[in-house]
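J.: Sequence:
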Amino acid sequence: MGYFQVETRENEEPGDWQPGKTRLLFQCDIRLRSGEDEETLFLVGPDAGNEVMVLWKEANYGVVGAEPLSWIKMEAAQEPEVYVRLLEGFLSAVHAAGTAKAADFTSIEVPPAGLLPETEIRAIFARAFGG
Numbered sequence: 008m009g010y011f012q013v014e015t016r017e018n019e020e021p022g023d024w025q026p027g028k029t030r031l032l033f034q035c036d037i038r039l040r041s042g043e044d045e046e047t048l049f050l051v052g053p054d055a056g057n058e059v060m061v062l063w064k065e066a067n068y069g070v071v072g073a074e075p076l077s078w079i080k081m082e083a084a085q086e087p088e089v090y091v092r093l094l095e096g097f098l099s100a101v102h103a104a105g106t107a108k109a110a111d112f113t114s115i116e117v118p119p120a121g122l123l124p125e126t127e128i129r130a131i132f133a134r135a136f137g138g
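The working numbering puts the first residue of the sequence shown at 8, with every later residue one more than the last.
Simulated from the structure, these hints should not be mistaken for lab results. Any given hint could be a false lead.
[To be verified] Derived pair list, reagent style SDA-like, types lysine to any residue, alpha-carbon separation capped at 20 Å:
#1 Lys-80 with Gly-27
#2 Lys-28 with Glu-82
#3 Lys-64 with Pro-87
#4 Lys-108 with Arg-129
#5 Lys-64 with Leu-123
From just these sequences and the hints, can you work out the full model?
T.: Structure (structure tokens):
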């Protein structure tokens with residue numbers, strides 16, 4: 008199997024995917040440009056057609072439901088490594104684009120027996136934002 012690139016909405020238009028069975032990776036508050044905090048769920052799972060594994064965002068102010076943030080072809084989606092690659096790809100892309108900084112993500116909560124331990128999620132944030 009060759010290397011497959013993680014794509015993000017920062018550099019590629021997502022497909023017209025609908026979420027399949029998703030699982031909560033973590034939740035946090037995201038500081039909006041308005042200064043308000045938005046409670047946001049970060050979910051992972053395939054699209055309904057099982058074409059791609061996706062990091063989805065679902066927010067309380069969102070009107071469209073789950074939105075794809077980063078994705079990779081299903082044949083490259085090896086668990087649990089794919090969760091790291093999807094989150095790291097998304098965070099690195101928003102950091103490079105200047106659309107978010109680490110301080111915009113607060114109150115990170117990881118479910119008990121989650122897909123990745125909280126320490127790993129925080130380490131991904133640190134790597135992506137250079138901290």
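J.: Does each hint fit the structure? Answer for all of them.
T.: Each hint, compared with the structure:
1. Lys-80 with Gly-27: holds (14 Å)
2. Lys-28 with Glu-82: holds (17 Å)
3. Lys-64 with Pro-87: holds (19 Å)
4. Lys-108 with Arg-129: Roughly 14 Å separates the two Cα atoms, so the pair holds.
5. Lys-64 with Leu-123: Judged against 20 Å, a Cα distance of about 17 Å means the pair holds.
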